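What follows is the residue order along each chain.
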Amino acid sequence: MIEQVYFAIFAVVALCCALGVLVSRHPIQGAMSLIGVMVALSGIYSLMASPFLATLQILVYAGAIMMLVVFVIMVLNSAKDSSTPRFDLHACVGVVPALVVGAVICRLVWAWHALDGNRVQEALAKEPAARGTVEAISKVLFGGRETSGWAILFLAVGLLLLTAIVGAVLLAKRRLDKPPATPAPSHGGHA
Amino acid sequence: MIFLPTQSLILAGVLFAIGLATVLVKRNLFFVLMGVELMLNAANLSFVAWSRTFTGSAGLDGQVAPLFSIAVAAAEACVGLAMLLAIFRSKETLDTDRFDRMKE
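Protein chains in written order, with the numbering used here: chain G, 862 to 1052; chain C, 295 to 398.
In case anyone wonders, no lab produced these hints; they're calculated from the structure. Since this is a predicted model, take the numbers as computed values, not measurements. Glycine included, every Cβ here is placed at the ideal spot set by N, Cα and C. One or more of the hints may lead you astray.
[Stated by the list, open to error] Think about it this way: if two alpha-carbon atoms lie no more than 20 Å apart in a straight line, the pair counts; the simulated EDC-like pairs of lysine to aspartate or glutamate are:
(1) G:LYS987 - G:GLU864
(2) G:LYS987 - G:ASP977
(3) G:LYS1034 - C:GLU370
(4) G:LYS1034 - C:ASP355
(5) G:LYS1000 - C:ASP355
[What the hints assert, rightly or not] Which bits of chain G does chain C cover? Going by a derived footprint, with three or more residues having C-beta under 8 Å, they are:
(6) 874 to 883
(7) 901 to 909
(8) 912 to 923
(9) 977 to 986
(10) 1024 to 1030
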């Protein structure tokens, strides 16, 4: 019962912050709302027996990724939402497919719940509370079953991150071969 | 009483819809990126909720998949923000309505 109360709190926080991302004008407000969503989702993860993922959600999403987003927003600084109005025909047309997708997902989940929910709920009642610990997850990742390909996928993700770092550096750096069109006065002696 | 995974799946569906609406409605590139992050978060929540419906260690695969999803999201944010910087440097704007040609 108490976990239902906690879930209700986290779900309301997540929904309000997600709507805040949708309606906010300045990207900084949107980023702060998104951090609220991620913290609330971390709470929901720990309610659903996965403390490791809850920690990782805070560390990587709210900590690293959103820090990067906020940093770039502050660097660019001219990032006001465009002068076009928020609620015009284009916005209404954009909301329609989102509503359709959300309705279809909720309908499918509800159909699954009506079909299979009670059996799963009874089976879950006999389960231990916390199982997604670091030890259990690392056993699935690296040890035990011979057939699981998670370890190879882990190496591939390392390669992907390396590629992303190199690509980001190449994309974001200034062209070295051609000088900037108008040298900034603040960089005076540097150029 | 509806149990927790079903509620979480419905929450994930609603969050995904809000993220999709953000991507489609907003004209600022930052908001488009944040909408994508919101959709990725909803997908992670759905992974965890489905993993909760399996008993024993069978469901732990559903808790390993979000690890990779988070790593790919980190790579996506890294490259996406670098592209955003490059676009802003050449166009001096982040309004998606202004990006109607690939060159210049």
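Please work out if G:LYS1034 and C:GLU370 have their alpha carbons no farther apart than 20 Å. holds (18 Å)
Between G:LYS1034 and C:ASP355, is the straight-line Cα distance small enough, at 20 Å or below? violated (39 Å)
Does G:ASP977 sit within 20 Å of G:LYS987, going by the straight-line distance between their CA atoms? holds (17 Å)
If you look at each residue in the region 901 to 909 of chain G, do at least three have a Cβ nearer than 8 Å to any Cβ of chain C? That given contact holds, which follows from 5 residues of the region 901 to 909 of chain G lying within Cβ reach (below 8 Å) of chain C.
Go check the region 1024 to 1030 of chain G versus chain C for me, would you? Three or more residues, Cβ under 8 Å, otherwise it fails. Satisfied; 6 residues make the cut.
Coverage assertion for the region 874 to 883 of chain G with respect to chain C, Cβ distance below 8 Å, three residues required: Three-residue rule met by the region 874 to 883 of chain G, so holds; n is 6.
Taking only the CA atoms, is the gap from G:LYS987 to G:GLU864 under or equal to 20 Å? holds (16 Å)
Counting residues of the region 977 to 986 of chain G whose CB is closer than 8 Å to a CB in chain C, do you get three or more? holds (count 5)
Given pair status - C:ASP355, G:LYS1000, alpha carbons within 20 Å: At roughly 11 Å apart (the allowed maximum being 20 Å), C:ASP355 and G:LYS1000 satisfy the hint.
Counting residues of the region 912 to 923 of chain G with a beta carbon closer than 8 Å to any beta carbon of chain C, are there 3 or more? Coverage by chain C holds here, the residue count being 6 at a Cβ distance below 8 Å.
Violation of the numbered hints given earlier is confined to hint 4; every other hint is satisfied by the structure.
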